[in-house]
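Trainee: According to our numbering, the sequence shown is numbered sequentially starting from 9.
Some hints could be false.
[Claimed, not checked] In silico DSSO-like pairs for lysine-lysine, Cα to Cα no more than 27 angstroms straight-line:
#: 1; residue 1: K268; residue 2: K139
#: 2; residue 1: K72; residue 2: K41
#: 3; residue 1: K28; residue 2: K139
#: 4; residue 1: K76; residue 2: K139
#: 5; residue 1: K28; residue 2: K73
#: 6; residue 1: K73; residue 2: K95
#: 7; residue 1: K125; residue 2: K88
#: 8; residue 1: K139; residue 2: K288
#: 9; residue 1: K76; residue 2: K25
#: 10; residue 1: K25; residue 2: K125
#: 11; residue 1: K88; residue 2: K28
#: 12; residue 1: K25; residue 2: K268
#: 13; residue 1: K125; residue 2: K72
#: 14; residue 1: K28; residue 2: K184
#: 15; residue 1: K41; residue 2: K94
#: 16; residue 1: K41; residue 2: K76
#: 17; residue 1: K89; residue 2: K72
#: 18; residue 1: K125; residue 2: K76
#: 19; residue 1: K70; residue 2: K41
#: 20; residue 1: K137; residue 2: K41
#: 21; residue 1: K70; residue 2: K28
#: 22; residue 1: K111; residue 2: K41
#: 23; residue 1: K111; residue 2: K25
Derived by calculation from the structure, the hints in this document are not laboratory data.
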Amino acid sequence: MKLEEAMQSGEQFTWVKPWKGAPYPCSYNYPSKPFSSPINLLFLEAGEYLTFQQICSHPDAKIKKGAKQEIVFQRFPVFKKDENGKKVLDETGNPVIERFQLKYTREYHISDVEGIKSHFVPVDYEHVKTKNMEMADLLIAAYSQAHGVEVSELYGTGQAYNQGSRVVLPDRRQYKNVYEYYSTAFHELGHSTRGELYRGQLEYAQEELVAEITASLLCASLGLENEDAFRNNLAYLQHWHAHVKSVRPKELYFAVEAAKAAAELILDSCPVVKQYLEPKIQQIDEPEQEAANLGKEAQLDGTGRNGKAL
């Protein structure tokens, strides 16, 4: 099924996060349970978090350049007290909780800290690298060098993102389907072309559509597709396509053109890959071509222009 046909088929596709990581956001000191405040599940990516003081207590730990702290909310119990200021105990001897107080701290995600090992057991998927994957890796490295974009794979992270000249990806070992890794990588590289190709005026939904179409074009060119990756790509496109179409239908044409420009910019950074992707044209010997032409003339003898007998 072609991309355009699938988009217009009416079938609904569901996007599934293609990489495995930590199950929930939690404190580095207490990895067996998530943070107490449910609001953290909405705003924090899964994984362990550390305060600056916790990081300093590890002699080999180092905060990565450009890392930012996240706000972590914590619920603290306020215990009921009697007239003498002593805690009131229940029938089992435990303090009675009167209410919970919400406080917050600023902490670093473990993926932004070097020299500290996660408590979560790694999930490693093994992948056999093909020639097309080697070409994709070469393209990513060449674009990164040519355009000053740092591409980092962080094991255990639950998020892929682009920060200007920095692209962060979950380690490829976290992907059950390796084609999803390359789709994610080219999506984020598509975002990184935004400044160079002057797409700063685009809204969030439009930019997401451009980045995902860029990934589709590059993965298709390199032959890095299978059914699961294709359907997941469709689900992502379908969501943002519907949003953009409902607001500005004419912008869809611009999104495709912008994605084509982004894909070409990335490909132009690596002549080796461009040459690899060039179609193989075979030379036909002149005698063979003449024989083929004579055969056609013989078939047309005594017939009309449309092959019907006169």
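Trainee: Would you mind marking each hint as holding or not holding in the structure?
Mentor: Right, here's what the structure says about each hint:
1. The suggested pairing of K268 with K139 holds, with an alpha-carbon distance near 24 angstroms, which does not exceed 27 angstroms.
2. This hinted pair checks out: K72 and K41 have alpha carbons roughly 26 angstroms apart, not beyond 27 angstroms.
3. For a cut-off of 27 angstroms, the pair hint linking K28 to K139 stands: about 25 angstroms separates their Cα positions.
4. Distance restraint check for K76 and K139: the Cα-Cα separation of roughly 38 angstroms exceeds the 27 angstroms cut-off, and the hinted pair is therefore not satisfied.
5. A distance of roughly 25 angstroms separates the Cα atoms of K28 and K73; the hinted pair therefore holds under the 27 angstroms criterion.
6. As the CA atoms of K73 and K95 are separated by approximately 46 angstroms, the hinted pair breaks the 27 angstroms bound.
7. Annotation: proposed proximity of K125 to K88 is violated, straight-line Cα distance about 40 angstroms (limit 27 angstroms).
8. For the proposed pair K139 and K288, the alpha carbon gap of about 16 angstroms is at most 27 angstroms, so the pair holds.
9. Distance hint between K76 and K25 is fulfilled; the C-alpha atoms sit about 24 angstroms from each other, no more than 27 angstroms.
10. Distance check on the hinted pair: K25 and K125 sit about 24 angstroms apart at the alpha-carbon level, within 27 angstroms; holds.
11. For the hint pairing K88 with K28, the CA-to-CA distance comes to about 43 angstroms; that exceeds 27 angstroms, so the pair is violated.
12. Restraint check for K25 and K268: the C-alpha separation of about 25 angstroms stays at or below 27 angstroms, so the hint holds.
13. A distance of roughly 15 angstroms separates the Cα atoms of K125 and K72; the hinted pair therefore holds under the 27 angstroms criterion.
14. Only pairs whose Cα atoms come within 27 angstroms are accepted, and K28 paired with K184 is accepted, the gap being roughly 8 angstroms.
15. Restraint check: the Cα-Cα separation between K41 and K94 comes to about 30 angstroms, which exceeds 27 angstroms; the hinted pair is violated.
16. Only pairs whose Cα atoms come within 27 angstroms are accepted, and K41 paired with K76 is accepted, the gap being roughly 24 angstroms.
17. Straight-line distance between C-alpha atoms of K89 and K72 comes to about 45 angstroms, which puts the hinted pair past the 27 angstroms bound.
18. Of the supplied pair hints, the one linking K125 and K76 holds, its CA atoms being roughly 19 angstroms apart against a limit of 27 angstroms.
19. With a CA separation close to 25 angstroms, the supplied pair K70 and K41 stays within the 27 angstroms bound.
20. A distance of roughly 37 angstroms separates the Cα atoms of K137 and K41; the hinted pair therefore is violated under the 27 angstroms criterion.
21. Of the pairs offered as hints, the one joining K70 and K28 holds, with about 25 angstroms between alpha carbons and a cut-off of 27 angstroms not exceeded.
22. Only pairs whose Cα atoms come within 27 angstroms are accepted, and K111 paired with K41 is accepted, the gap being roughly 18 angstroms.
23. About 31 angstroms separates the Cα atoms of K111 and K25, which puts this hinted pair outside 27 angstroms; it is violated.
Hint compliance for this structure: hints 4, 6, 7, 11, 15, 17, 20, 23 are not met, and every other hint is.
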